[in-house]
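Engineer: Listed in order, the protein sequences are those of chains A and B. In terms of my numbering, the first sequence has 135 at position 135, counting the first letter as 1, and numbering is strictly consecutive. In terms of my numbering, the second sequence has 19 at position 19, counting the first letter as 1, and numbering is strictly consecutive.
Just so you know, these hints were derived from the structure itself, not from any lab. Ideal Cβ placement from N, Cα and C applies to all residues, glycine included. Any given hint could be a false lead.
[Unchecked claim] Here are the simulated DSSO-like cross-link-like pairs (lysine-lysine), alpha carbons at most 30 Å apart as the crow flies:
hint, chain 1, residue 1, chain 2, residue 2
1, B, 13, A, 115
2, B, 13, A, 95
3, A, 133, A, 2
4, A, 68, A, 115
5, A, 97, A, 115
6, A, 185, B, 13
7, B, 54, A, 105
8, A, 115, B, 49
9, A, 118, B, 13
10, A, 136, B, 56
11, A, 2, A, 159
12, A, 156, B, 56
13, A, 156, B, 54
14, B, 43, A, 133
15, A, 105, B, 13
16, B, 49, A, 97
17, B, 49, B, 28
18, B, 46, A, 156
19, A, 105, A, 7
20, B, 49, A, 2
21, B, 54, A, 68
22, B, 56, A, 68
23, A, 127, A, 68
24, A, 115, A, 185
25, B, 28, A, 133
26, A, 76, B, 46
27, A, 118, B, 56
[Unchecked claim] Heads up, incomplete: computed chain A residues facing chain B, CB under 10 Å, no partners named:
hint, residue
28, 5
29, 7
30, 11
31, 12
32, 44
33, 88
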Amino acid sequence: MKFISRKIIEIGRELSELDRFTFDFIRVLREHTPYVIVSGYVAILLGRSRASEDIDIFIPPMRLEGVKALVVGLGKAGFECIQAESHDEIFGYLKDKYAVRFARKNAVIPNIELKFTKTAVDNLTLKDAITVKIGKDALMISPLEMQIAFKEEILKSPKDIEDARHLRNIGEGHLDNGLIQGYRKMLHGLY
Amino acid sequence: MGFIEDNERERLKFIDFWAAFVRSHDDKEWSRQQNIIINSALKSSKMTKPQYFKMKGEM
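Turn these sequences into a full structure, and let the hints guide you.
Structural biologist: Right under this line is the structure:
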């Protein structure tokens, strides 16, 4: 794993089933909208020794037409929404700030938990997303400093504390500790 | 020190050990080992939609 710059990490990893699932989804998603992957999968992608059944992704708010086109594209690629069927219903969930989950057809796990950004923190995470290059492809993930701060300051479960510790260990020498502190302070006042 | 504290300390020790392994080994090597955990977990977790949403507290 190489930290090429503050915005680019390069990993020569073998892909897991979870990585293949994520790449298949992202190849469709990025044709329709900017996105950022957050939470547990960020730590897993960077080597954390655990699994997850879902991948959390933020996208900026879209109109109904945009959501329809995305869902059609995902359908062609073999994905379906597991808690709603109609485009209107899927759009309704997203518009009301709920997550919608997409899995491969006739499956539930793994799944993508897709949400519109709704807070200033979500928007900042999307705006400052960093690139993880894997082979010839790439994924956009949250800045590591934001993930660490969010997990340590807001989520705080043992799993989240361990994810944050892994990211701190992996990113040692490349992380902006002042930024982590700044994010922690900002999050403390928001949640 | 109690069981819970011992367990927590051991877990954190392993987090540090594993991160050091990731940093000091080729990506192919650590990811091959990591994928054993990920792929087997996905293979063994078959659920219906109602079971899944109940587990997630979304029902």
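Engineer: Taking each numbered hint in turn, which are not upheld by the structure, reported in ascending numerical order?
Structural biologist: Hints 1, 2, 9, 10, 15, 17, 19, 20, 28, 29 and 33 are the ones this structure does not satisfy, whereas the remaining hints hold.
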